[in-house]
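Student: Read off the chains here:
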Amino acid sequence: MKKIIDVAKYEYTHHVAKPRFWITLLGMPLGFLLIMALSVFFSFLSVDKEPVGYIDRADLIIQPQQKPEKIGFLELFIELVPYDNEAAARADAEQGLLQGYFVIPATYQSTYSVTYYGNSQPSSDVTSVINDLLRENLLLQEQIPNLARIEAGSQISLESLDGSQSSDGTGWHRLVVPIVIGMLYFILVMSCGGYLLQSLVEEKQNRTMEIMITSMSPNQLMAGKIIGNLGVGFTQILVWLVILGIGLLFFHNRLPFLSDLSLSPGYLAISLALLVLGFIVAAGLLATIGAAMSTMEEAQSINSLMVLPIMLPFYFFQSFFSNPNGTLPRVLSYFPLSAPFSLSLRMAFASIPTWEIIMVFTILVISVGLVFWLSGKAFRRGLLEYNKKLKLRDLLVKEANHG
Amino acid sequence: MDTIVVNHIAKSFGDTKAVKDVSFSVRPGEIFGLLGPNGSGKTTSIRVILDIYQPDHGTIQILDGPMNEEKMNHIGYLPEERGLYQDVELTRNLTYLATLKNMSKEDIEQKLPIWLDRFDLTEHEKKKTKELSKGMQQKAQLIAALIHDPEIIIIDEPFAALDPVNTQLVKDLLVELRNQGKTIIMCTHQMNQVEKLCDRLVLIDHGTVLLEGSLKAVQTRFATNQVLIQTDSDLPETLPGVQKIEEEGLFYRLTPSDGTTSRAILQQLIEEKISMNSFEIATPSLDEIFIKVVKEGRNGNEENN
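Respectively, the protein sequence lines represent chains A and B.
The opening residue of the first sequence carries number -14 in the numbering used here; numbering runs sequentially from there.
The opening residue of the second sequence carries number -4 in the numbering used here; numbering runs sequentially from there.
Excised from the complex, chain A in its bound form (with noise of 0.2 Å):
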């Protein structure tokens, strides 16, 4: 236990400690954040925050648009001011005081319909302020009790037939579990799966190998490594957390629906436990691939191939919403390289036989054991073979002849 222990440890600081994995780390998430904020700010920037003027010729509006107090930093308000003729109106927005004026008729409650005078075309965002105004003033003409609460709609509850699952919302933000889950699988493999191919295959060009498999036995080593890789990945995860936890806390009064989101503890469990057992299969068969290549470009493009199975479920989203416990979905969260993000994301929208979970728990432990004795013996075989790479019959047939 030490020893995996030891190679574990080396592994993690060895890629801690380096700057690139921290320029890396920090890097992703600023250049996304940097990215978004650029894309908001340029959109808001587009956006023609003029007045617009209008003429109420049906004395239709009893209650006009109010200005909120406070105007947000890249909050938008376009301001409706009303004019008593239309030729004050089209001065105001021949001068450019106004992006354009709209005409009530007197006739509005019979036909429903205004007229725009612009020299563009009015903005959604316009046409929304327009329709807001109006509507409003429509229904305050018929004296409805509860207008507000009408207008906010009705709150819908959900439970599942056996009564094991309820919810409060349309459960959209069940989503966020499994989605998080989904791309911090994803993100597991590619970045800590990639360091882990890498430590091996240059284990294997730079020679240490030999030195370290008289050291321990090769399953030993490959425990240490895929422990300090997952360490190495935890950190990422840890980092990202933090800085989104700072995030919210600035922005939370921004973002109302992070208190409808209320997590299981079990759910939660489950789907974090799916996560590591997911990482330690697909991370044995990077480990075998490692060790059965002979250079990092080979291994590579063998590599890619992994992201198909990890990406099935994003790919089939769709059954997943209108039929969580159909076939397609099921096959894919027994299957162990899917299984992670597609069970998850099952039991975010359905209810799933206990049996049915112990069963994909029982796969995925099962496919640990299979991928440790493969790479164990990728290792004895191909991790000294320098210059050639090891074909999978070489693993399966002559080893077992022979060994």
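Watch out, some of these pointers could steer you wrong.
So the derived label-pair ranges between C-beta atoms look like this [claimed, not checked]:
1) LEU229/A / ASP102/B: 37 to 45 Å
2) LYS123/B / GLY230/A: 33 to 41 Å
3) SER286/A / LYS123/B: 40 to 48 Å
4) PHE302/A / GLU84/B: 42 to 50 Å
5) LEU15/A / ASP167/B: 51 to 59 Å
6) ASP102/B / ILE228/A: 50 to 58 Å
7) LEU11/A / GLU84/B: 54 to 62 Å
8) THR(-2)/A / THR54/B: 57 to 65 Å
9) PRO294/A / ILE109/B: 47 to 55 Å
Straight-line C-alpha distance at most 30 Å; calculated DSSO-like pairs for lysine-lysine [said to hold, decoys possible]:
10) LYS123/B / LYS100/B
11) LYS239/B / LYS(-6)/A
12) LYS66/B / LYS(-6)/A
13) LYS106/B / LYS(-13)/A
14) LYS3/A / LYS100/B
15) LYS(-13)/A / LYS123/B
16) LYS121/B / LYS100/B
17) LYS125/B / LYS(-6)/A
18) LYS129/B / LYS(-6)/A
No wet-lab data here; the hints were simulated from the structure.
Please read these numbers as outputs of a predicted model, since none were measured by experiment.
Cβ atoms here follow ideal geometry from the backbone N, Cα and C, with glycine treated the same way.
Here the structure of chain A is known, so what remains is to put chain B in place on it, guided by the hints.
Tutor: Structure of chain B alone, referenced to chain A:
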């Protein structure tokens, strides 16, 4: 008690029989030469001993039983294909490899500076492996093989990248370790290096043992009664009791006729009033024995085939 017992091992890779039948045993306090030409099966035999490869047939006994994790900590190995992390500092490299041999941090901190000093590497300890010369890398690799004070030391081509000064340094070290009672297997095809070091040896070719025994016994077995003399005078073309006289650089090699002893030849040379700087019995060099045995072995194989 023998520390390593190799009993009729065989190992194939696909259709290639790397080792067909190799047996030998090694005792504590001796340097054992595992000799053979390139591709003879030396390195595969070593990898089988080290449990990197499982043998197809035969058994290995290390420290009185099969290999296990605990025994791995008592073995120091210098592979033919040297292995250090190229982008990592020398100290970190060696500390990590020593940790994997179960050394404590304190123990490493105490012993590593002594070893670095012994191999003149102290001033390079902060350098990355790739910044070191080949010879320095080889010395560093030797530290990795020896720092944990192993009972068994297996070294494959230990002098390959070393200059004469460092070669001598390593030779002295090996003798010192032998005197401490370590079991040392030295694997090489450089016979001249082995000659003065090995106590016993095995010579393999095509995966089979051609020759085994103590250095002295092997040399005696292949000895002719030729003598080598060094003289400033010219030798006569013929000498009584001498079948053949050959000039070899500064020496003359004299092959006696049947029944003539080296003592009789010496007597004859004195009678002829030939002044000599040296007179010695020509012991066959390991190189010569090696070439003779390998050639005979291969001819024998061809005849059998």
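Student: Could you run down the list of hints and mark each one as holding or not?
Tutor: Evaluated hints:
1. LEU229/A / ASP102/B: 37 to 45 Å: The hinted range 37 to 45 Å holds for LEU229/A and ASP102/B, with Cβ atoms some 44 Å apart.
2. LYS123/B / GLY230/A: 33 to 41 Å: Given about 38 Å between the Cβ atoms, the range holds.
3. SER286/A / LYS123/B: 40 to 48 Å: violated, 29 Å
4. PHE302/A / GLU84/B: 42 to 50 Å: holds, 48 Å
5. LEU15/A / ASP167/B: 51 to 59 Å: Distance hint for LEU15/A, ASP167/B holds at roughly 58 Å.
6. ASP102/B / ILE228/A: 50 to 58 Å: Given a distance of about 41 Å, which is not inside 50 to 58 Å, the answer is violated.
7. LEU11/A / GLU84/B: 54 to 62 Å: For GLU84/B against LEU11/A, whose Cβ atoms are near 25 Å apart, the range 54 to 62 Å is violated.
8. THR(-2)/A / THR54/B: 57 to 65 Å: violated, 40 Å
9. PRO294/A / ILE109/B: 47 to 55 Å: holds, 53 Å
10. LYS123/B / LYS100/B: At roughly 21 Å apart (the allowed maximum being 30 Å), LYS100/B and LYS123/B satisfy the hint.
11. LYS239/B / LYS(-6)/A: Answer violated: LYS239/B to LYS(-6)/A is near 70 Å, above 30 Å.
12. LYS66/B / LYS(-6)/A: holds, 23 Å
13. LYS106/B / LYS(-13)/A: holds, 21 Å
14. LYS3/A / LYS100/B: holds, 23 Å
15. LYS(-13)/A / LYS123/B: holds, 26 Å
16. LYS121/B / LYS100/B: Within the cut-off at roughly 18 Å; holds.
17. LYS125/B / LYS(-6)/A: holds, 23 Å
18. LYS129/B / LYS(-6)/A: holds, 29 Å
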